[in-house]
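**Q** Residue numbers (the numbering used here), protein chains in the order written: chain A, 1 to 339; chain B, 1 to 307; chain C, 1 to 348; chain D, 1 to 505.
Hint data in this document are derived by calculation from the structure and do not stem from the laboratory. All figures in this text were calculated on a predicted structure; none of them were measured in a lab. Cβ coordinates follow ideal geometry from the N, Cα and C atoms, glycine included. Treat the hints with caution; some may be incorrect.
[What the hints assert, rightly or not] Here's a subset of chain D near chain A, in silico, CB distances under 10 Å, partners left out:
id: 1; residue: Phe-101
id: 2; residue: Trp-125
id: 3; residue: Phe-284
Each chain, letter by letter, is given below.
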Amino acid sequence: MSRILKYRELLLVAIIIVLIAAFSYRAPGYASPKSLANIFNDTSILIILALGQMAVIMTKSIDLSVAANLSFTGMAVAMLNAAYPGIPLPLLILTALAIGAILGAINGFMVWKIGIPAIVATLGTLTIYRGTAFVLSGGAWVNQTQMTPVFLNTPRMPVLGLPLLGWTAILVIAIVSVVFTRTIFGRSLYASGGNPTAALYAGVDVGRTKFFAFVLSGALAGLCGYLWVSRYAVAYVDIAAGFELDTVAACVIGGISTLGGIGSVGGAVLGALFLGVIKNALPVINISPFWQMAISGLVIIIAVLFNARQERRKGRLILRDAAKRRPSRIEAPVEGAAA
Amino acid sequence: ENIKIGLVVKSLGNGFFEAANKGAQEAAKELGGVDIIYTGPTTTTAEGQIEVINALIAQKVDAIAISANDPDAVVPALKKAAQRGIKVISWDSGVNKDGRILHLNPSSNELIGNMCLKLAADHLPGGKGDFAILSATSTSTNQNTWIAEMKKQLPKYPGLNLVTTVYGDDLADKSYREAQGLLTSHPNVKVIVAPTTVGVLAASQAVKDAGKIGQVYVTGLGLPSEMAGAVHSGATKQFAIWNPIDLGYSATQLAYRLVKKETDGKPGSEINAGRMGKIKVGDNGEAAMADPFVYDAKNVDEFAKIF
Amino acid sequence: MSIMTADKQSVRHIPDRLSTPIGRLLGSWETLLAAVAIAIFIANSLASPHFLDPWNLSDATYNFTEKAMIAFAMTLLIISGEIDLSVAAIIALASTAMGAAAQAGFQTPALVGIGLGVGLLCGAFNGLLVARIGLPSIVVTIGTMSLFRGIAQIVLGDQAYGGYPPSFAWFGQGYMSDFSWWPTLPGFEVVTFEMIAFVLFAVVFGILLHRTTFGRWIYAIGNNAFAAQFSGIPVQRTKFILFLMTGLMSGFAAVCLTSRLGSTRHTIAAGWELEAITMAVLGGVSILGGSGTILGVVLAAVVMGLVTFGLGLLNVPGIVMSIFIGLLLILVIALPIVFRRIRSRASA
Amino acid sequence: MSVVQAAAQDPTPLLEMRDISKSFPGVKALDHVDVALYPGTVTALIGENGAGKSTLVKILTGIYQPDSGEIVVDGKAVHFGNAEAAIRNGITAIHQETVLFDELSVAENIFLGHAPRNRWGLVNWSAMNARAAALLTSIDAPISPYTRLKDLSIAQRHLVAIARALSVEARVVIMDEPTAALSYKEVEDLFRIIDRLKRQGKAILFISHKFEEVYEIAERFVVFRDGRSIGAGLLSQTGQDEIVRMMVGRSVDHVFPKTEVAIGGTVLKVSGYSHPTEFDSISFELRRGEILGLYGLVGAGRSEFCQSLFGITRPSAGSLELEGRSIEIRSPSDAIAAGIVYVPEERARHGAVLQMPIFQNFSMATLAKTTRAGFLRQAEEFALARKYAERLDLRAAALSVPVGTLSGGNQQKVVIGKWLAARPKVIVLDEPTKGIDIGSKAAVHGFMSELAGEGLSVIMVSSELPEILGMSDRVMVMREGRMAGIWNREGLDAETLVRAATGNE
Ligand SMILES: Nc1ncnc2c1ncn2[C@@H]1O[C@H](COP(=O)(O)OP(=O)(O)OP(=O)(O)O)[C@@H](O)[C@H]1O
Ligand SMILES: Nc1ncnc2c1ncn2[C@@H]1O[C@H](COP(=O)(O)OP(=O)(O)OP(=O)(O)O)[C@@H](O)[C@H]1O
Ligand SMILES: [Mg+2]
Ligand SMILES: [Mg+2]
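Isolated chain A (complex conformation) (with noise of 0.2 Å):
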């Protein structure tokens, strides 16, 4: 029993599974493949974003400026599509991604070539990236009878019971598990948070890492951007406000350290999960709106409480015959003090 349990991401599915079982209760068909594949259609975007997030914050940093990027992007192709309705689909949705990489870029330069700590550098581009889709837009909406039906109607195309926003995410996942643990790239990026000044002895530019992981965050948001604006069909200037907070929630609960170097895409994207389905099943269990935000607070607080108690150091054994007659003895409060 304790040996499954001691991957956090078992723990996350199976916490995850209690609180659908538990939803399902109150609210019967909640369960039901065509509403699990809604509620993983729903938390897409989320998935998507947190992944990126992952990137940055396993460098030791942190990208604020992912939902604010996620607006302008949005914005920004959705006035495209308004006003040259002719631009092919493929070549909208590269263009989010070049937006979108190049806002991250410049995230990441700043991090890389002039040194401004992460989480300065975006908390800054965060008011100016909004700022800037204001600017951008005059303030106006982008609303679904200016958007093209193919812009707004192929991320809800149904492929096998899923749609295609969906399909997105699960590609999403396939490519970004493949650069953490196949690519030399994803090697880094462990390294270059686990510890920067090793990464850099072993010839691991821990800068140029960084950058690279904004621009992949970057790239990221701004498929988002897309995947958003066709979602809820219609783009201003306030949308995803808030939710870069969201990603980082996603990514901590999912067991990424904050400090960097620690976690997995499996992590990221269970987190993810799990805020999806608290978002998604209040208002279906029929909970009062007001008592909404308290809940999920409270969730996100326990679920990071269990999450740190999994992690608890297990104590070298100097001992020879210590570990037999550890169970017994596992109370005795001797971690607490070596925080």
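Starting from the known structure of chain A, fit chains B, C and D with the ligands onto it as the hints suggest.
**A** Frame of chain A; chains B, C and D with the ligands shown alone:
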């Protein structure tokens, strides 16, 4: 020296208020010698509006016409404005009595409440069935007033059954999720009434995505330009709104008359509002503009070009 | 010891400092910020004829006084290596509690006590989770941010609390000239209670951080919590106290803001957490912990207040203003780094 | 100055560093130094703390770029823009600081930066694990490549670091104080590996402050002093005294200047100290003016036990008596208040606050003494810092520079000085001279004697036998968390201690 009127809105970047600004500019041009300062906070907060009001006071504007994020919180700042000789009125979303000379309702609250119920009943076969309300933030004054009116007048529509009220906070994603929640948890709900544009839009989208067009209808208050898509998709048959251009126009007219001392704005007075004719100030210093206008597939495109 | 002194020819003398006091002053962050503040002040007076009006300037201070009070406490917390994102939510909850008490007929002193008390409790809750249980503060306070404001929302729903006693209005709207002992010199009549509180807290926090053992502990913990613990510094207790202080200051800000608004809704002070953090960071506080000064934060508060008020006078929309704040933040952080690099390249 | 020349039978160097200079703000770390490394030869680089040894290593491995001078490999001038470039040129190093990744697996730690890839350019995990396993076997390290590094002991980590250094096709292997953290047994293993490398024709640069080791393993030497090369040559032709003179500029006669001190009554009595997993039933008495050596292999639990005396780790059983009164220590501040202080082993992590100025580090544990009613008095802080800086012969540009800019040995002096300022009754020194040059080591030892003479009781954890034998009045040995015995100094020999520590009775 031109007369300076500060037109303070809930937040910048909202189509409704952009349209109101158009009306205000129109009135300014018509009256001559009037400068409109169109301003507001970034997000819909009272604190943000107070900073804006302070800036207007500092510029020594002649009048402030405000659509308030909070009827009470802006009162101290507006009182200070009044002390420095600035004429203060509220419009659209009101301010408490002691913070302004008069308040201009876009329409009477009873009429709006009634209109929302009528729209709901029209969408239901025989006017019978369950409906739910998807509002903006739980603090916004005008939505709350209308919801209260709807509840008050509900007995007039015996077939209608209000199941629940949820809040989308005027955020597209939250409203969408709340609408989705309504569809799942209340399968009997046949109509969602959203007295706010973001709400109607998001709910229409949710209904469409759930493949429930024709089973569940969305209606409420929204701008034609924003609602056209929903009407064409069939998620919405009809919706209503007053003309925000007229609202901005009238608010500017009223403020101008007060500055020019053509009226004191006391209850009972009738104020000249240019092309809108005379507006009468009622009890509580509240005035109403006109009935909301109903839009459907036939006329929505025509108006979508305007606002 | 005799053995060692025998072959030790001379004791090497190590100077206390490398640079002169003037050199340090010129190279310091605070000097840069003060220069920026003066430049903005001059630019504002040139750009708007309404700027140099004592009453207007007095109104302008409300743009930053309350946020700065939180920023002071936040500064200490950030230097110690933690952060509190729930400050604005604490304001909402404290304000709600005061509103409920006012409805129940409590008078001003009790209301102030309740506001401060709720702030303290919220701070204790954060402190418990972070300092005692050892959870990462950035996540804990993302959680409590929702929790505290969520409780306010449960209590208030779509309602608002008003009806505060008239005397309560003084904290957020009062002038010191309401007191007979206040000097009636010209210019002094525009001094508000909040300005006095701002200055007082700046001094208190400045002394606490820079002149006391406790302040030194904060720096040590922020730079190396292990070494601090190994030096006998009560790391967890210090962090707990810092969370308490941040909660308390949020409670105080709640008193001022509630008094200024005269009403409470659950959306009160939305988004202030990022503004308080921006203020601290602009003031030169290292977000990674370990360095920063209160003087810097005071100057940053004034700079941000001047920028928003100046741009407000020019009717620049708030969101465009925020572009300026963002640029200012990045520039003010980046310039010294770039200069230092250019200088060291020149000297090499 | 006598510079030993061994020109005649010189083979051609594999690698030469010519006229290298490097400055940091306020410090000239290297001043036109020359170093040559020869194939199949171990060259020892010797110098005081801060002489510039590690700086040279970092230049050689591409981490720093020299201000001037050139590096010549096989007669061709090369330039290393980053660490990767040096690795590509066959230069590999075990650095002085920990350069490993706690969260990654052993195999990844070994191959990070040069992992084997498959034909799509993706990391080939199975090849990587297989090669790591082979490498570890080749150095007799029974470690699974899949283990996460954080689950290894210090000694095992060291083996991983060695495996990492050997994982590239290197011709030059640099070891910056590889033995500082090792005990007798691991040092022997390391030397076997070095021997093998030598036979494979690799050029090795070996840095150590321990002369016995240098004479045992190295053929050639280079001495640095204050960033300049002072001498170079063959060790077989040069005596230790001469090298010390080159290094310090004077002779240091007494390496272990233990003065006889009258030993008083019992100060500290530890009875049955136990911990569920780290140590068990530790009991002994410590007397006034006594130096108790605590010997054991790395990982024997000495540090954990000492930390429990200081309130960092909580014991699960046992009691403590200080000067006849029973006390309980729950936190470091309790310990300090009682008069027990602890100088940790990992100074950069636990000892010094690297970013803070030297004078603030000195005063950190004794702030109460330099303050009045909780308010700081900076002049007194400086006075305190100056006093201990001079007594410990600290090398620093100013007392207000951050400790992080000091060399490793000088950082250790600051950490020790911090605790001396606390004027304790019992001082626990965990590997106090780890990584310290012999001049400073003598200073620290002299100081310990002096403190003992003043009536202070000292517990000195050390893995270095000569130090243990030279300095202690009594020696306690720990093995796998338990006491293996206590011996008086008289008639004690190294063999007894080693046998007790390893358990080979
Ligand atoms: N990054 C740096 N910034 C500033 N000064 C530095 C830096 N690195 C080293 N120094 C200085 O350069 C000098 C040489 O340091 P180095 O680390 O090379 O000494 P070392 O010979 O390895 O000493 P030790 O035996 O203590 O390890 C010291 O005075 C040190 O303070
Ligand atoms: N596997 C490990 N993971 C983390 N830290 C370790 C590990 N092994 C040892 N350490 C650290 O190294 C130090 C020494 O470990 P320990 O107390 O087990 O042995 P010791 O007998 O004191 O050995 P040493 O000869 O190194 O002093 C401790 O401070 C401990 O924190
Ligand atoms: Mg070194
Ligand atoms: Mg040890």
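**Q** Each hint needs a verdict: does it hold in this structure or not?
**A** Hints, one by one, checked against the model:
no.	hint	result
1	Phe-101	holds, 4 Å
2	Trp-125	holds, 8 Å
3	Phe-284	violated, 18 Å
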